[in-house]
Amino acid sequence: MQTIVKVLNDEGIHARPAGILVKLANNYSCDIELLVDDNAVNAKSIMSIMGLGLIKDTLVTIKADGVDAEAALTEISNLFNNKFNL
Amino acid sequence: MIIGTSASPGIVIGKALLINEEELNIVKYISTFDLEEARLGQAIQSAKLELNSLREKTLQTLGNDKALIFEAHLMILDDPELLKQTLTIIKNQSVNAEYAFNTVANKFIDVFESMEDAYMRERASDIRDVTSRLLYKLLKKTKVSLENLSTPVILIARDLTPSQTASMDRKNVLGFLTDIGGKTSHTAIMARTLEIPAVVGLSNISTTIKDGDLIAFDGGSGEVVINPSTNQIEMFNARHLAFLKMKQEQSLMIGLESITLDGFHVELAGNIGTPRDLDALHRNDAEAVGLYRTEFLFMDRTSMPTEDEQYAAYSEVVQGLNGKNCIIRTLDIGGDKTLSYLSIGEEANPFLGYRAIRICLKETELFKVQLRALLRASVHGPLSIMFPMISSLEEILAVKKIWNEVKLELAEKKIPFSEKVQLGIMIEIPSAALISDILADHVDFFSIGTNDLTQYTCAVDRMNEKIEYLYNPYNPGLLRLIHMTIKNAVAKNKMVGICGSMAHQKDLVPLFVGMGVSELSMSAMHILSTRKIIRSLKKSECEILVENFLKIGTAEEVKKLLN
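Protein chains in written order, with the working numbering: chain A, 1 to 86; chain B, 1 to 563.
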């Protein structure tokens, strides 16, 4: 299953938001991917996420596959929508 | 004698210890998956143990801010992609772990190094630092440990990594010299934090000096001598004693008031460019921030800093000052400072051109973003805003109109801000100084920017060597303009400060005190010595000095009078 979110943080996804996202993703056993254009990266990998260089207003598709996929998608979308609570 | 960039003051003579890491030679060879997977796992475990203990140690000695570096390194080692891709190479190519890990890490380093954002590019050095730690483990090599040095040494390196500066044995590190780095590089900042003398940017010092060479250097002037002569050693020893004496005298000034013998108080404030400069300000007992230059927030990047970014920086400074006042100057760009993303256009006379408040009054949206960020930050502590390059009352009125619009907008949106924010202007253009009696009715304070005021009053370009002699702080016309501005402010009970490089000039301080200046703002290192001067003065005598100054006409005579 998948959902689409938008990067709302002014600074984009720098080290701190990337770290927060990875910590959250690691709470779930399902596989989680972030898709931007043609790139798909592991949401549990801080280097891959930072490597995307996500800037404000980028649309990101989150894809999750596994038993707790639904919960993971909800929580991660909330994180994006709440600007990573920063 | 070799001269580099002064990073941290102090004079040192001692033996050199070269700590350049050898270039790791990563060879590729055939191995079995099980063996390599186990080796990789052990190396990661052992590197993580090391990083955890470094983090603990740094947390205790240098605080959370510095310890975060190791937190980031730990996260990199925990990265599942790094591990997965390394294992894939080991499996598919039947090769050794160090070759596979190095290949994957380099791929990530390339990605980060090619990013546009300077902050992200810097992250490449973190990956490199972690990668080298892990490769050392895999190759069973030990990094030169700086934790337990048996004798006092001067460290010589191409550069020092964050792990090295955080873990070094401070008792036995006399100082350090590096090939690369500038005044604000990581190594230079750490040297000042640790108060270890250092010179950086020496280009090839790590290949010129040999282990055990005797080195003498002056961290304040950037001078380095390899195997000094007896005479040179004597000279450095003499400087060392003078430095210690000065430090000691200065430290006696900490906690004392900046008042004259007859009780006149002059606030001694610091000039800063980034929140990082606060450390030095606190160490030198600054009473306030007299000038926070916000340009640095706008420079070395590809787009305008957002309101949130600016708010974060201003808040950090205001909070870090624990209730002391902070004067923040709005964007002063143009002249010799340009921004890649803001086109000013070619100008014949940039210093007389489109700069500072002139840009802000035209690019009002840019200006409003900064004012909003400043207003929002005002809830965290006392904050004053100062506008640069004001030449007329009209400009002050235009600024205030925008200011009121921004306040109204925030109030409507119910965004909190303080009503006590003070507004002031820089006096750096003669036309403003000449009507300072009138301007004083429209603002809360003045700050005299002596560098530009000298340039505009004497019509002298300080970069032009042929006329450099005209850029003279003793010029009586210039000093009269300063006198006039201070008098006019004092008459209207307004705060008036001086924030250019004349503010800490020893012989001028008595003159400024005599004129009745309320604040002198300078870089942190000058604060304690200026306090010492002020505590030795009598305002009544300084006033007589001003009277005598008003009777003379040449810079030479002024200089003699102040001597």
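Since the hints were derived computationally from the structure, they do not count as laboratory data. Predicted model, so just to flag it, every value in this text is computed and none were measured. Glycine is no exception: its CB is placed at the ideal position from the N, C-alpha and C atoms. It is possible that some hints are incorrect.
Within a straight-line C-alpha distance of at most 27 Å, the following computed DSSO-like cross-link-like pairs (lysine-lysine) qualify [unchecked claim]:
1) A:83 / B:414
2) B:414 / B:368
3) A:56 / B:400
4) B:210 / B:324
5) A:23 / B:210
6) B:140 / B:210
7) A:63 / B:84
8) B:487 / B:407
9) A:23 / B:413
10) B:466 / B:400
11) B:84 / A:23
12) B:400 / A:83
13) B:48 / B:183
14) A:23 / B:57
15) B:413 / A:56
16) A:56 / B:368
17) A:83 / B:413
18) A:63 / B:107
19) B:140 / A:56
20) A:83 / B:368
21) B:48 / A:23
22) B:413 / A:6
23) A:83 / B:407
One-sided excerpt, in silico: chain A residues whose CB lies under 10 Å from chain B [claimed, not checked]:
24) 6
25) 53
26) 59
Okay, the hints, checked on the actual structure:
For the hint pairing residue 83 (chain A) with residue 414 (chain B), the CA-to-CA distance comes to about 20 Å; that is within 27 Å, so the pair holds. With a CA separation close to 17 Å, the supplied pair residue 414 (chain B) and residue 368 (chain B) stays within the 27 Å bound. Among the hinted pairs, residue 56 (chain A) with residue 400 (chain B) is inconsistent with the structure: their alpha-carbon atoms are about 32 Å apart, more than 27 Å. For a cut-off of 27 Å, the pair hint linking residue 210 (chain B) to residue 324 (chain B) is broken: about 48 Å separates their Cα positions.
Distance hint between residue 23 (chain A) and residue 210 (chain B) is unfulfilled; the C-alpha atoms sit about 47 Å from each other, more than 27 Å. Restraint check for residue 140 (chain B) and residue 210 (chain B): the C-alpha separation of about 26 Å stays at or below 27 Å, so the hint holds. Among the hinted pairs, residue 63 (chain A) with residue 84 (chain B) is consistent with the structure: their alpha-carbon atoms are about 19 Å apart, no more than 27 Å. Taking the CA atoms of residue 487 (chain B) and residue 407 (chain B), the gap is near 32 Å; set against the 27 Å cutoff, the hint is violated.
Between residue 23 (chain A) and residue 413 (chain B) the CA atoms are separated by roughly 34 Å; this puts the pair beyond 27 Å, and the hint is violated. Distance hint between residue 466 (chain B) and residue 400 (chain B) is unfulfilled; the C-alpha atoms sit about 41 Å from each other, more than 27 Å. Restraint check for residue 84 (chain B) and residue 23 (chain A): the C-alpha separation of about 18 Å stays at or below 27 Å, so the hint holds. Pair hint residue 400 (chain B) plus residue 83 (chain A) does not hold up; C-alpha atoms about 33 Å apart against a cutoff of 27 Å.
A threshold of 27 Å between alpha carbons decides the hint, and for residue 48 (chain B) with residue 183 (chain B) the separation of about 32 Å lies outside it, so the pair is violated. For a cut-off of 27 Å, the pair hint linking residue 23 (chain A) to residue 57 (chain B) stands: about 24 Å separates their Cα positions. With a C-alpha separation of about 23 Å, the suggested pair residue 413 (chain B) and residue 56 (chain A) falls inside the 27 Å cut-off, and the hint holds. At roughly 21 Å between alpha-carbon atoms, residue 56 (chain A) and residue 368 (chain B) fall within 27 Å of each other, so this suggested pair holds.
A C-alpha spacing of about 20 Å is found between residue 83 (chain A) and residue 413 (chain B), which places the hinted pair at or below 27 Å, so the restraint holds. Restraint check for residue 63 (chain A) and residue 107 (chain B): the C-alpha separation of about 25 Å stays at or below 27 Å, so the hint holds. A C-alpha spacing of about 44 Å is found between residue 140 (chain B) and residue 56 (chain A), which places the hinted pair above 27 Å, so the restraint is violated. A distance of roughly 23 Å separates the Cα atoms of residue 83 (chain A) and residue 368 (chain B); the hinted pair therefore holds under the 27 Å criterion.
Under the criterion of a C-alpha separation no larger than 27 Å, the hint pairing residue 48 (chain B) with residue 23 (chain A) is consistent with the structure, at around 17 Å. Of the supplied pair hints, the one linking residue 413 (chain B) and residue 6 (chain A) holds, its CA atoms being roughly 24 Å apart against a limit of 27 Å. Of the supplied pair hints, the one linking residue 83 (chain A) and residue 407 (chain B) holds, its CA atoms being roughly 25 Å apart against a limit of 27 Å. At its closest, the beta carbon of residue 6 (chain A) sits 16 Å from a beta carbon of chain B; the interface hint therefore is violated under the 10 Å criterion.
Given hint, residue 53 (chain A) at the interface with chain B, holds; its Cβ is 5 Å from that chain's nearest Cβ, closer than 10 Å. Interface hint status for residue 59 (chain A): violated, as the beta-carbon distance to the closest one in chain B is roughly 19 Å, over 10 Å.
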